[in-house]
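A.B. asks: Based on the hints, put chain B in the right spot on chain A.
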Amino acid sequence: MSTHAATTPARTDSGHAAGHVDAQGDIHHDSHGHSPHLAHHFDTTEQQISTGKLGMWCFLATEILMFGGLFVAYAVYRHNHPDVFLFAHKSLNTNLGAINTVVLLLSSFTMAMAVRAAAMNNRKQLKMLLILTFLGGIGFMGIKSKEYYDKWNKDLFPGAMNVFNTAFDKGTEVDTIKAKDKSIDYIEAHGVPAPGQAIPAANTGKDLDGAQSEGAHSEGAYAAGMHSAAAVQPVGWNYKDPNAGTSDAAKIVPPQTIPGGMAVENIGPKIVHYSDLSAGDRKNVNTFFSIYFMMTGLHAIHVIIGMGVIAWLYFRANEFSSEYFAPVDLGGLYWHLVDLVWIFLFPLLYLIH
Amino acid sequence: MNHDTLAIEASEEKAHAHPHVVSWQLNLGILLVLLFLTFITVAVTKVDFGSAANLSIALVVAVAKAALVLLYFMHLRWDAPFNAVALVASMLFVMLFILFAITDTDTSLKNLTPPEGFPTGTMAR
Numbered sequence: 001m002s003t004h005a006a007t008t009p010a011r012t013d014s015g016h017a018a019g020h021v022d023a024q025g026d027i028h029h030d031s032h033g034h035s036p037h038l039a040h041h042f043d044t045t046e047q048q049i050s051t052g053k054l055g056m057w058c059f060l061a062t063e064i065l066m067f068g069g070l071f072v073a074y075a076v077y078r079h080n081h082p083d084v085f086l087f088a089h090k091s092l093n094t095n096l097g098a099i100n101t102v103v104l105l106l107s108s109f110t111m112a113m114a115v116r117a118a119a120m121n122n123r124k125q126l127k128m129l130l131i132l133t134f135l136g137g138i139g140f141m142g143i144k145s146k147e148y149y150d151k152w153n154k155d156l157f158p159g160a161m162n163v164f165n166t167a168f169d170k171g172t173e174v175d176t177i178k179a180k181d182k183s184i185d186y187i188e189a190h191g192v193p194a195p196g197q198a199i200p201a202a203n204t205g206k207d208l209d210g211a212q213s214e215g216a217h218s219e220g221a222y223a224a225g226m227h228s229a230a231a232v233q234p235v236g237w238n239y240k241d242p243n244a245g246t247s248d249a250a251k252i253v254p255p256q257t258i259p260g261g262m263a264v265e266n267i268g269p270k271i272v273h274y275s276d277l278s279a280g281d282r283k284n285v286n287t288f289f290s291i292y293f294m295m296t297g298l299h300a301i302h303v304i305i306g307m308g309v310i311a312w313l314y315f316r317a318n319e320f321s322s323e324y325f326a327p328v329d330l331g332g333l334y335w336h337l338v339d340l341v342w343i344f345l346f347p348l349l350y351l352i353h
Numbered sequence: 354m355n356h357d358t359l360a361i362e363a364s365e366e367k368a369h370a371h372p373h374v375v376s377w378q379l380n381l382g383i384l385l386v387l388l389f390l391t392f393i394t395v396a397v398t399k400v401d402f403g404s405a406a407n408l409s410i411a412l413v414v415a416v417a418k419a420a421l422v423l424l425y426f427m428h429l430r431w432d433a434p435f436n437a438v439a440l441v442a443s444m445l446f447v448m449l450f451i452l453f454a455i456t457d458t459d460t461s462l463k464n465l466t467p468p469e470g471f472p473t474g475t476m477a478r
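Going line by line, the protein sequences match chains A and B.
Just so it is clear: in the first sequence, position 139 is 139 by our numbering, and no numbers are missing.
Throughout, our numbering is defined as the position within the second sequence, counted from one, plus 353.
Pulled out of the complex, with its shape left as it was, chain A reads as follows (with noise of 0.2 angstroms):
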């Protein structure tokens, strides 16, 4: 800078007077002949700001790429283990998941919004539109809050405090057992099907390989009427048509219904309980709460960190005009990253079916 100052001392570039105050109220010149924003390794600020977006993108390729492996873990053990995940799914809550998708939404609305005013040259609708961005994250992350503790509760926990990890120990044998009946009937309890709609008739509540320990509790947790045979017994099971085998034998056969009046083949979503898991299965229940945890506390370490760039996007909201505002679009760039990340989340992890 000093050298500028010793070649070209209070010189007037043609058309331009030194430090003249322009028409959006900013100081277009110094005695340097060029922005003060344009950095010296650019020769244009148009350059300047192009390359600077087109690193934000090579990060924001980055970003999706470590997304994108912990995608790989789920798409391995989906793939693997579908009814693992048909099973264990039901713990989510699918309407703060949609929610928080749509709080997501809307602060990238925001976000883009503010966006717009700095290159509009407002700061005031800047400052507001930065607000209600960081207060679409804090509504995110409590409603985030809420769904890990109502896990953590049940003892939902990624890893090995996890009541279907093999290591989960209650200390002794019925107590271990009482939480796990516990956590069960949680994630049944979200599964319950409407009225009316059938529940499948396959499963008899033994336990696969015989085992009786694991048998007697899983039984224990659906005593209450879901699984009992005789409540699912189909009304037509039992047809028989008079005249089969003569020439009068019924062409249409009346299809096999159960109480509720659904007929069996048209059962609808396929519901999986945890009776109706393999032995193996079952062992590996609790690494579908551990890809839950860590993609959606990747994400969530993602929002915190959004929050803290527009919390320091605020507080330098005076340095930003329409001739120079990058700060806020490259900080609006990774905020919409955070909400793309969510928009394949949500249905790949609630809304399975």
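Just so you know, the hints here were simulated from the structure itself, not pulled from any lab data.
Just so you know, not all the hints are guaranteed correct.
[What the hints assert, rightly or not] Mimicking DMTMM-like on lysine to aspartate or glutamate, the simulated pairs with C-alpha atoms at most 20 angstroms apart in a straight line are:
| id | chain 1 | residue 1 | chain 2 | residue 2 |
| --- | --- | --- | --- | --- |
| 1 | B | Lys-399 | A | Asp-83 |
| 2 | B | Lys-399 | A | Glu-188 |
| 3 | B | Lys-463 | A | Asp-83 |
| 4 | B | Lys-463 | A | Asp-281 |
| 5 | A | Lys-127 | A | Asp-329 |
| 6 | A | Lys-154 | A | Asp-181 |
C.D. replies: Same frame as chain A, now just chain B:
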């Protein structure tokens, strides 16, 4: 700094005093479409199309929402094309990653499962 550079800068400063600005109506319209697609995402789970189709529908809607956010909120529609190249490349690599991992587990998993009766240490409970 010589006269030529000043002239270039003067003209591009003028050009850049008006960066591309999206109208608030367009932003709002995109938001409404996104909210509608979110509603579709949830509503479609009430109907069962079979597990493969369910997943495909969910992913198609998610990709549509992502495309809207990328093109409009993140300004890719009006940006230099190479930014989009960086993004699409990363997504292609993630898809490649998933594809290879699933193909691998489909073909190799049977080699990893021990035969019946083989001792498996502490997991054998």
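A.B. asks: Now tell me if each hint is right for this structure.
C.D. replies: How the hints compare with the structure:
1. B:Lys-399 - A:Asp-83: Holds, because 19 angstroms separates the two Cα atoms, which is no more than 20 angstroms.
2. B:Lys-399 - A:Glu-188: holds, 18 angstroms
3. B:Lys-463 - A:Asp-83: holds, 19 angstroms
4. B:Lys-463 - A:Asp-281: Given that 20 angstroms is the threshold and the Cα spacing comes to 16 angstroms, the pair holds.
5. A:Lys-127 - A:Asp-329: holds, 14 angstroms
6. A:Lys-154 - A:Asp-181: Cα-Cα ~10 angstroms, so holds.
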